[in-house]
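Participant: Below, each chain spelled out in residue letters.
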Amino acid sequence: MAKSFRDVLKSDKFVITSEIGPPKGTNLDSMLHHIDILKDTVDAINVTDHQSSVMRFPSLGGCLYIKEKGAEPIMQMTCRDRNQMALQSDLLFAYARGVRNVLCLTGDSIVVGDHKDAADVFEMDSSQLLRTVRQMEAGRDLGGNELDGGVEFCAGAIVTPEADPLEPQLIKFEKKVEAGAEFIQTQAIYDLENFAKFMEYARQFDVKVLAGIVLLVSARMAKFMTENVPGIFVPQSLIDELAAAPKGQALSKGIEIAGRMIATLKDEGICDGVHIMAIGKEEVVPDILAAAGINGRH
Amino acid sequence: MKSITKQKSLEEIQQQLVGLDRVYIIGCGTCTTMTRTGGRDEVLEMKERLQGMDKIVTGWLVTPTACDEMTGAALVHANGAIANASCVVSMSCAMGVQRMAGYLDKPVLPALDTLFIGLESSPGDFHEICAQCGHCLLGYTAGICPVTACHKHLLNGPCGGTDSGRCEVDKDKDCAWTLIYKRLKQQGRLDVMRRYQPVKNSQVVPRPRIMRVD
Ligand code: SF4
Ligand code: SF4
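Protein chains in written order, with this note's numbering: chain A, 585 to 882; chain B, -11 to 202.
Hints may contain errors.
[Claimed, not checked] Derived CB-CB ranges, DEER-like: (1) Q4/B / V638/A: 31 to 37 Å; (2) N729/A / G131/B: 35 to 41 Å; (3) Q120/B / K865/A: 47 to 53 Å; (4) P95/B / G723/A: 52 to 58 Å; (5) D93/B / N667/A: 38 to 44 Å; (6) A89/B / K865/A: 57 to 63 Å; (7) H115/B / A847/A: 20 to 26 Å; (8) Q120/B / A780/A: 55 to 61 Å.
[To be verified] In silico DSSO-like links for lysine-lysine, alpha-carbon gap of 27 Å or less: (9) K(-10)/B / K188/B; (10) K700/A / K161/B; (11) K807/A / K865/A; (12) K170/B / K781/A; (13) K(-6)/B / K700/A; (14) K700/A / K188/B; (15) K159/B / K700/A; (16) K(-4)/B / K700/A; (17) K781/A / K173/B; (18) K159/B / K807/A; (19) K161/B / K807/A.
[Claimed, not checked] To give an idea of the interface, some chain A residues facing chain B are shown, with a C-beta separation under 10 Å as derived from the structure: (20) S595; (21) F598; (22) L689; (23) T690; (24) S693; (25) V695; (26) V696; (27) H699; (28) A702; (29) D704; (30) S711; (31) L726; (32) V743; (33) P752; (34) E758; (35) V813.
Everything labelled a hint here was simulated from the structure, so no lab data went into it.
Note that the structure is predicted; figures quoted are calculated from it, not measured.
Backbone N, C-alpha and C define an ideal beta-carbon position, used for all residues, glycine too.
From just these sequences and the hints, can you work out the full model?
Facilitator: Right under this line is the structure:
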């Protein structure tokens, strides 16, 4: 049985989380395979919630399979698809089935996804969802009614340390911490100097910060991300390093880069842990950790 | 303030007109004239298009303001030609359509889709700036509406998709929260942005929304 994620966060351990994306459909083979790979490697596994507004098997469903396999799930919950009634009700069900960690997100826009005509909800934002979790823990729902049997969650949120402009993002970050976020998983970071500066600021707050590590699999991907994904900056030196990798070796170069970054973050004590997003290449997460000099969960 | 509209496709207009061959066309002299979707020129164009579909156009009219109760009088005036038609095709916004449908005993069919209530910020440039949410927050957001100007109507600051002042859904749209932040900062009022905004009341006036002024 895995240690509870909150206990891991409270320990001095360098925390490692990763994530899986549920399938579009009911063929769960690859999701279950990814859970098997990650369950003894990382401290907790995030399950994405219709990531990029693409309709999929639910996050809560993925979390239940992770529980079944004896690992710690982090249920990602966006405010895009559910109003306050549905979000609260899913929190009740998740708690009753042993899910104890929730990552509160606003969610991507409907129009970037694969149901472009669908209604979006966004009745709440991430900080309001965090407060909802805390209010339910205090025994009352958002309507002010008493709950018969409460909930308790280790709740987290995200931040984009490379956002432009940065200050409004930091104001939101502080609102999330005030709302009760215990941990923060960041958007992908690649420039460790910039990130160390962000951490100097974030260290003032009582919240654990896990740096987002997105595996780069080619120079092209790195260039695309830095040019097109909001809040992601990949330094030219990393793009060059990937481009210089011999043919067929770009993936192992990406693993090496991710491992090196994790090792620096850990050895220099820059942040409290990492959140590894391998986006479809979950089977190499153990290799990334090996490249970082970290073997196994403990 | 204008009702912003866009013409429906001819196919859809034709679908609505199945079985209705004699048509009277009514445009509006206010909003749809401004947006060039239902003024005199567009009404005359529609007349030709409908004739091209083998419809008989018994007459046409551009009322000064279709949603106004004065429209009742204009309809009485045009009574003969309307009586000759099997339906009215309206080139006003949906408020005008409903106003006319209340006065006439024949079908009133919209030729336009009503998109939003907007303000003309520069000539030809219409923006939705208030969604009539029922509880105004402009006092906390430097006079920029987070409910309408932010794609996700967020109340507590920007989402993670904001990019160099642009919105994640469209690089041609400003991120409302970057604008709000900049204006509050300039006013030395960033503390207002730090204040938590609770979830909005979605039922300030439950639908259908009605207000009685005595
Ligand atoms: S908050 Fe926005 S939508 Fe609501 S009344 Fe004010 S301007 Fe209109
Ligand atoms: S980018 Fe800005 S305007 Fe667009 S949804 Fe996010 S916060 Fe709202």
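Participant: Look at each hint and say if it fits the structure.
Facilitator: Evaluation of the provided hints:
1. Q4/B / V638/A: 31 to 37 Å: holds, 35 Å
2. N729/A / G131/B: 35 to 41 Å: holds, 36 Å
3. Q120/B / K865/A: 47 to 53 Å: holds, 48 Å
4. P95/B / G723/A: 52 to 58 Å: holds, 56 Å
5. D93/B / N667/A: 38 to 44 Å: holds, 41 Å
6. A89/B / K865/A: 57 to 63 Å: holds, 59 Å
7. H115/B / A847/A: 20 to 26 Å: violated, 50 Å
8. Q120/B / A780/A: 55 to 61 Å: Between Q120/B and A780/A, where Cβ atoms are some 47 Å apart, the hint is violated.
9. K(-10)/B / K188/B: Given that 27 Å is the threshold and the Cα spacing comes to 26 Å, the pair holds.
10. K700/A / K161/B: Given that 27 Å is the threshold and the Cα spacing comes to 18 Å, the pair holds.
11. K807/A / K865/A: Holds, because 19 Å separates the two Cα atoms, which is no more than 27 Å.
12. K170/B / K781/A: holds, 23 Å
13. K(-6)/B / K700/A: holds, 20 Å
14. K700/A / K188/B: Given pair K700/A, K188/B holds - Cα atoms ~25 Å apart, limit 27 Å.
15. K159/B / K700/A: holds, 17 Å
16. K(-4)/B / K700/A: holds, 20 Å
17. K781/A / K173/B: holds, 22 Å
18. K159/B / K807/A: Holds, because 19 Å separates the two Cα atoms, which is no more than 27 Å.
19. K161/B / K807/A: Roughly 24 Å separates the two Cα atoms, so the pair holds.
20. S595: violated, 28 Å
21. F598: violated, 24 Å
22. L689: For L689/A, the interface hint holds, since the closest Cβ of chain B sits about 8 Å away, which is under 10 Å.
23. T690: holds, 5 Å
24. S693: holds, 5 Å
25. V695: holds, 5 Å
26. V696: holds, 7 Å
27. H699: violated, 14 Å
28. A702: Hint on A702/A: violated, closest Cβ of chain B at ~14 Å, above 10 Å.
29. D704: holds, 7 Å
30. S711: With a closest approach of 5 Å, the S711/A hint holds.
31. L726: Constraint on L726/A satisfied, holds at 7 Å.
32. V743: holds, 8 Å
33. P752: Holds: closest Cβ of chain B sits about 4 Å from P752/A, inside 10 Å.
34. E758: Since chain B brings a Cβ to about 7 Å from E758/A, closer than 10 Å, the hint holds.
35. V813: This hint holds: V813/A lies near chain B, its Cβ roughly 9 Å from the closest one there, short of 10 Å.
This entry does not satisfy hints 7, 8, 20, 21, 27, 28, going by the numbered hints stated previously.
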